[in-house]
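Based on the sequences and whatever the hints tell you, model everything.
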Amino acid sequence: MPNPTVTVVGSYPRPPKEGGVFTLRKTLQALDRGEATLDDLEQAQDELVREVVTEQANAGVELVTDGQVRWMDGQTRFAKGLDGFRIGGLIRYFDNNTYYRQPEVIGEVKREEPVVVDEYRFAAAASPVEVKPVITGPYTLAVLSQDEHYRDQRALVRDLAVALNGEARDLAAAGATVIAFDEPALARVPGMPEPKPAVLQEAAALLVEGVEATTILQTYFGEVTLGEALFDLPFDGFGLDLIAGPANEVLAKAVPDGKVLQAGIVNARNTRVEELDAVVARIRLLSEAVPPERLWVSPSAGLEYLPREAAERKLVRLAEAAKEVRS
Amino acid sequence: MTIEGLLTTSVGSMPKPDYLLKARSQFARGEISREELHGLEEQATREWIEFQDEIGIDIVVDGEMYRGDMVAYFAEELEGFTEGGLVRSYGNRFYRKPVVTGEIVRNDPITLEWWKFAQSLTDRPVKGMLTGPYTICDWSFNEYYDTREDLVMALAKVVRQEALDLVDAGAKYIQIDEPAVSTRMDELDLAIKALGVVTDGLEAHTITHICYGDFHKAYPKMLDLPVDQLDLELANSDFALLEDFKRAPFTKAIGLGVVDSHSHEIESVDDVAEGIRRAMELIPPDRIYPDPDCGLKTRTVEEAKDKLRVVVEAAKQVRAEG
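Protein chains in written order, with the working numbering: chain A, 1 to 327; chain B, 328 to 649.
Hint data in this document are derived by calculation from the structure and do not stem from the laboratory.
This structure is a prediction, so every number in the text was calculated from the model and none was measured.
A few of these clues could be false.
As the list claims (entries may be wrong) - Some residues of chain B that are not near chain A, with every Cβ distance over 10 Å (derived):
#1 E331
#2 G332
#3 A355
#4 D385
#5 L413
#6 N419
#7 M512
#8 L569
#9 R636
#10 Q644
#11 R646
Claimed, not checked - Below, a list of computed lysine-lysine pairs in the DSS-like style, where the Cα atoms sit at most 25 Å apart:
#12 A/K26 with B/K624
#13 A/K26 with B/K349
#14 A/K196 with B/K544
We treat Cβ as the ideally placed atom computed from N, Cα and C, and that holds for glycine.
This is the structure in structure tokens:
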């Protein structure tokens, strides 16, 4: 892949551009009325994945995701796929005006079968460029769930790490060369509990053990409180949100040799498009500290907080800036 | 002797009857005119006012039959906003998030005509219902103002103008909803400053409704919000907040959420009465306004009515114990 590499964090808007047909929503409504089948829904989701990977690639993204457009949200996708959970009521997702159904841990967490491996296979086959599967990380899943079984966050995160390790191994076996573990709960976000990175530090080795792929620890929504100890975690790369956590800039420049920095440098939560010069300058500044072959650039978080047009514009801007830096 | 106080009210929104939901989608598809829709919105408003009169709610709301989203409604009426695209709210639910693309200006009153219409239908006081500057900012994209503070303060000015118009027209109660305040406690001071602009010298009983938050952390700091009354959800946490009031006295009037707005289950009158009594151990009844936890628009019409009946019956029961 060209350096610095243009990538994304995870989610992508599901609605079409203004005036387009929102087939996914129409199909879900028809399903509610008994006028569509689950096969119809899967077809609508497949079609949207094709659209989303192509749109990202056309915008200039070199390592895309499937946009997580099949998921209810990042928590329920895994809570439903693993043993030991049931799904509870709606609750706010970090400091966004976005909500998710809170998973409740009611038994031992185990993985009986793959969760997102088939989705990955589909996206990889549909995409003109490489696809990065995303796993919601064990610490974030634990923080965003209500634990009625373990009553011990360390024990819950350990079992989650083991279960998700199985998923990561299967994704690598299915061909994924890069796997992101999303851990926004590691960032300090207003209204959220103070991060306890020690819990992840204990479980991280279990999470990545034997995973034959480049592993990325992806944070967003705020400043990572761990300081340079972050880089002692056994991942191959680290994603930092430099928009919501300006203080992460210092950390970004300290990424050690051999590790990838994924720098979130365009705002994924506001429609205002950054000036090209400003994005270029930011990449150049980061390039002084991190050599281009280890520097990836992305939006600051998943793009689903934006309308579809705005998300695409952000990616185009990011790719333009990367191209200019390369030349 | 009966107890004075315990005036019952509700948080603002009511569910739209089926005929109005249908009309709204017909209007969106261009199948009926704005006038036809407006007529049905008036009919639904009339029905909700009649219902509140009938069951004896003390402070009435118009039910917001003519509003969709509580932020988008104001954004549509203010200069400086552009209609935004769809973003996800949860699952596969989406809403249009407004975009600030210019200076915020209020050219005409926004809610005034609806307030006057509602008040003409009842002798009971009708609350003026506004969305607060902090929440409008937090739930919009900002492409124009340099900082969030600049946008919040610009919005405070126009919400203030609307509040003044309502008071001039005779509104005795003005509620300025700030559900987003609980999202970012680090910006509570900004929300306080902005709300201060709205309520400064306003000759009305001022209220703000806050929800979905970790109140334990925000209390007692939230008592600094410059309003006469805080409207809070207590039912959905089994009145846990009362423990915080023991730690630091609750110095304002309280909108006491006594039924859960997000559950289908109808609470019993006895349980709700018990909740009111527990609050009365800490706050005198003339400063307690029993109501649902939150707006009722996500309930069915029948569920909403049943829940409101329970609030009124429970308050009546406790008052009679004087």
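Now the hints, each set against the structure:
1. E331: holds (37 Å)
2. G332: holds (33 Å)
3. A355: Per Cβ check, B/A355 is outside 10 Å of chain A; nearest 13 Å; holds.
4. D385: holds (31 Å)
5. L413: The assertion about B/L413 is violated, with a minimum of 4 Å to chain A.
6. N419: violated (5 Å)
7. M512: violated (6 Å)
8. L569: holds (22 Å)
9. R636: holds (24 Å)
10. Q644: holds (29 Å)
11. R646: Holds, because the least Cβ-Cβ distance between B/R646 and chain A comes to about 33 Å, which exceeds 10 Å.
12. A/K26 with B/K624: holds (23 Å)
13. A/K26 with B/K349: Distance ~17 Å between A/K26 and B/K349 Cα, so the pair holds.
14. A/K196 with B/K544: Holds. A/K196 to B/K544 sits at ~18 Å (cutoff 25 Å).
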